[in-house]
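*Asks:* Listed below, chain by chain, are the residues.
Protein chains: 2
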Amino acid sequence: MKLICTQDNFKKAIYNTERIVSKQNTLPILNNILFEAKKGFLVLSATNLEMGAQVKVGVKVEKEGKITIPAKIISSFSNNLPQGDNVLIESVEQGIKIKSGSFKAIIKGVSADDFPLIPKKSSEYLLNINSIDLKNILSKEMVSVAQNEARQELTGINLILSQKEIFFASTDSFRLSESRISINKENINKEVFEAYINKKDSIIIPFGTLNEVMRIISNNEECDVKITIESGQIFFEIEETKIVSRLINGKYPEYKHIMPKDYKTRVVLEKSVFQNAVKMANIFASGKSGEISIKIDSGAKKIFIGASSAETGENSTELKFDVSGPSQEVILNSKYLLDGINSISTSKVAFLMNSESTPIALKEINEQTGEVLHDFTYIVMPIKN
Amino acid sequence: MKLICTQDNFKKAIYNTERIVSKQNTLPILNNILFEAKKGFLVLSATNLEMGAQVKVGVKVEKEGKITIPAKIISSFSNNLPQGDNVLIESVEQGIKIKSGSFKAIIKGVSADDFPLIPKKSSEYLLNINSIDLKNILSKEMVSVAQNEARQELTGINLILSQKEIFFASTDSFRLSESRISINKENINKEVFEAYINKKDSIIIPFGTLNEVMRIISNNEECDVKITIESGQIFFEIEETKIVSRLINGKYPEYKHIMPKDYKTRVVLEKSVFQNAVKMANIFASGKSGEISIKIDSGAKKIFIGASSAETGENSTELKFDVSGPSQEVILNSKYLLDGINSISTSKVAFLMNSESTPIALKEINEQTGEVLHDFTYIVMPIKN
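Chains E and Z supply the protein sequences, listed in that same order.
Position 355 of the first sequence, counted from 1, bears residue number 391 in my numbering, the numbering being contiguous throughout.
Position 314 of the second sequence, counted from 1, bears residue number 350 in my numbering, the numbering being contiguous throughout.
Simulated from the structure, these hints should not be mistaken for laboratory data.
The model shown is predicted, which means the values in this text are computed figures rather than measured ones.
Which copy? The list can't say, so a pair holds if one copy fits it or any two copies do.
Below, simulated DSS-like cross-link-like pairs (lysine-lysine); rule was C-alpha separation at most 27 Å, straight line:
1. K338 to K135
2. K297 to K200
3. K324 to K307
4. K140 to K331
5. K315 to K59
6. K156 to K47
7. K315 to K38
8. K315 to K133
9. K47 to K315
10. K235 to K262
11. K140 to K420
12. K371 to K297
13. K221 to K236
14. K420 to K292
15. K338 to K315
16. K331 to K144
17. K324 to K144
18. K338 to K133
19. K135 to K371
20. K108 to K307
Construct the complete structure from the given sequences, taking the supplied hints into account.
*Replies:* Following this line, the structure appears as structure tokens:
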């Protein structure tokens, strides 16, 4: 193997593969990145057997070949390269010789023969989502994913395809985040899509996979992300980077029926003011569940947000805002409420509720018209007194 | 107690006292901040028995009084207050009622009767150092302080007063940082100074105390910091904030004799290029001590910085720079060397050495004249082969 690569391409290829290596020592080769130089391309691959990544960049190949190199060493080397010079890579007896500007190194490697194959998709892509839209959705959905592994199916994000919309949902059974985007001709590959939704319309994608997808699209210019689902696996194509991951087995809970269709009481609040009031109440919130109380006074058009504990004292913040519907009072977990407010991307937030014992909802508000938007819904179950 | 305070004054007073509370539960009152309203001032005090802080701010006192309030609660409350409204504080049966804008709370407190006295100084100040200068010095000196408590005297910074200069020094016995500032009329209170240096000229200030001083001056506008030393204690006055701390008992090592007077070989390097080369070598550095080699070739005016290990491979970075004196080679601990380079505040750094077995030094370079500056010296002991 002998090749010359631009530094930008080299750094990006390393960045997009380096974290998808195994953290376990049972198969040491999985700590490595596979380097393959072939027909004008350098292909880097990494896998932890649950998820794999492959990046293909155009390079000047002087001699074809392949080898695996420890991800930790090559990524440290890449991170410390100052901007500029091209990167020269050449096979040597024990590994590779790598050179860029005044920096040169020999990094020991392992033969590529035992490196596992990264699965390849056989069909065309199914969906096509703009990377900024996908990032926006994932950042909201990752909040409610269960950390506890007791219920495997809740440790991922649920994706539901229908004829008109795609839904993303996550829940740890205390709160739920749901995002939706409309389907149009540009979003889907019609033929594959029709065949697909007749077979299966709901899958669960592991949190770790989406975390890696987020990381890669955040480091990339705006682009289309192509998604394919086949044989219990999901494939993402983010320009020259391909990610493949197993899906989570199991049935995602039928959450739709717990989401209220209508809400009796609606308050529209400034997001930052609401955040501050909840944080302040959290100081005085008692118990592990951090109970805070929200009291809506319809007549006075006021909201009181507060908490009290035997040890620290008590607080109450009085906010004057537009209220419609009857007066209400509810007790909520301050962390869950705050996570929801933080997920809102508009400057105002709608706080919606029916009673002290039914789920409350947060939604976004159209900045121009002031209307409630329905593309994102955050649901929290109240704490019963 | 009843008073009105501007929010800025309130936040600053809390910020400058909140961290100086005890982390131990043996005396619960030491988790609290003492509030005293008297004659147009609110005085906040905190202590952990090793160190104490006191902040005095002008307020409108409507009723005098005092009480202690948990630091954790009052600082969370203060941090979450949005900018603006004044803060109203009033005693209530169990503690204080506090109100600012739409936020109000009752925070439970404990009687002030059992709160320990914060020691007061009896003499005039000894030194007067500009806060920016002091911050600059402390940020360099805190790097080499011993983390290990085996030798108590190395866990602080040594301060030595002489007729012409003040020296600050720290060492963990592997490397040493020394800063000096000249004494002029503005720096010292002559009478106190003369009396002082006849008695004692070397003290050891605990790291934790200087860490707190750093934090307070970093959050403050440029000002003079007045320092007094008496009865085994050191007093700092940073505008309205007073810090008092015990000194560390023991004799600081006589480090001056290990500092070379002259150096045979001198290289002047770009700080950022040097940093990069050391970081790169660190990837390949072997063993716990992270050994890297620095080879100076006088004839070719080149420096080679590299490392090698049996597991990972080897590297070498070739830098072309101005060298004076004979060729040299030395093996250093990469972390200690990097800490030293990071401490340099000029864009160029002098690397000075005599032999492979004597201490190497880093010094700053005057940006205009290119001369080596002697106000800061960082010394590292080489690793012997």
